[in-house]
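Peer 1: Sequence:
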Amino acid sequence: MRIAYLLSAILPITLLSACVAPAKYNWGNYDGSLYGYYQDPTRLDAHLTEMESIIRSSEQTSRKVAPGIHAEYGYFLMQSGKAGEAVAQFEKEKTDWPESGQLMSIMIRQAEARSTKSSTAKD
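According to mature numbering (1 follows the signal peptide of the UniProt record, and there is no 0), the sequence shown holds residues -23 to -1, 1 to 100 in order.
No lab work stands behind these hints: they were computed from the structure.
Among these hints, one or two may not hold up.
Cut-off 27 Å, straight-line C-alpha distance, at most; resulting in silico cross-link-like pairs (DSSO-like, lysine-lysine) [unchecked claim]: (1) K71 to K41; (2) K1 to K59; (3) K41 to K69; (4) K69 to K59; (5) K59 to K94; (6) K1 to K69; (7) K59 to K71; (8) K1 to K41; (9) K71 to K94; (10) K41 to K59; (11) K69 to K94.
Turn these sequences into a full structure, and let the hints guide you.
Peer 2: Pasting the structure below:
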């Protein structure tokens, strides 16, 4: 009797756990990486590496990059003087998430303006 009771409790749980939907977007270890960066801002390189890894693995597995990853990665690239690479990331965010189009257009203009300023300063 106990075995039947135990099976009747475990079997539905086991069957329902098989119905869990897979993650819709690739987040990687973004939350852990971001938390680490917030706790210690010197860990920016580790956070950037994690975002690169998320983007790379998403491209390899054809999974969609989570919303905001390209934008945040582009922002950090822009801050480090890599405006051309930043624009590419902003364009990807704009393509993947059309609702971010206005903000990404503004960010693209800012990155291009920084690129223009840095190239004129070098001349």
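Peer 1: Are K69 and K59 close enough, with their CA atoms no more than 27 Å apart?
Peer 2: With Cα atoms ~16 Å apart, K69 and K59 stay inside 27 Å; holds.
Peer 1: With the threshold set at 27 Å, check whether the alpha-carbon distance from K1 to K41 stays at or below it.
Peer 2: holds (8 Å)
Peer 1: Run the distance test for K1 versus K59: straight-line Cα separation, threshold 27 Å.
Peer 2: The given pair, whose Cα atoms are some 30 Å apart, is violated under the 27 Å limit.
Peer 1: Check the hint pairing K59 with K94 against an upper bound of 27 Å on the C-alpha distance.
Peer 2: holds (12 Å)
Peer 1: Taken at face value, is the distance from the CA of K41 to the CA of K71 at most 27 Å?
Peer 2: holds (13 Å)
Peer 1: Check the hint pairing K71 with K94 against an upper bound of 27 Å on the C-alpha distance.
Peer 2: The given pair, whose Cα atoms are some 24 Å apart, holds under the 27 Å limit.
Peer 1: So if I understand the rule, the pair passes when the alpha-carbon distance is 27 Å or less; does K41 with K69 pass?
Peer 2: holds (11 Å)
Peer 1: K41 and K59: Cα distance at most 27 Å?
Peer 2: Distance of about 24 Å is within 27 Å: holds.
Peer 1: Does K1 pair with K69 here, judged by a C-alpha cut-off of 27 Å?
Peer 2: Judged against 27 Å, a Cα distance of about 18 Å means the pair holds.
Peer 1: CA of K59 to CA of K71, is that 27 Å or under?
Peer 2: holds (18 Å)
Peer 1: Against the 27 Å threshold, does the CA-CA distance of K69 and K94 hold or violate the hint?
Peer 2: Status holds; Cα separation ~24 Å.
In summary, the structure is inconsistent with hint 2 from the numbered list given earlier, while agreeing with all the others.
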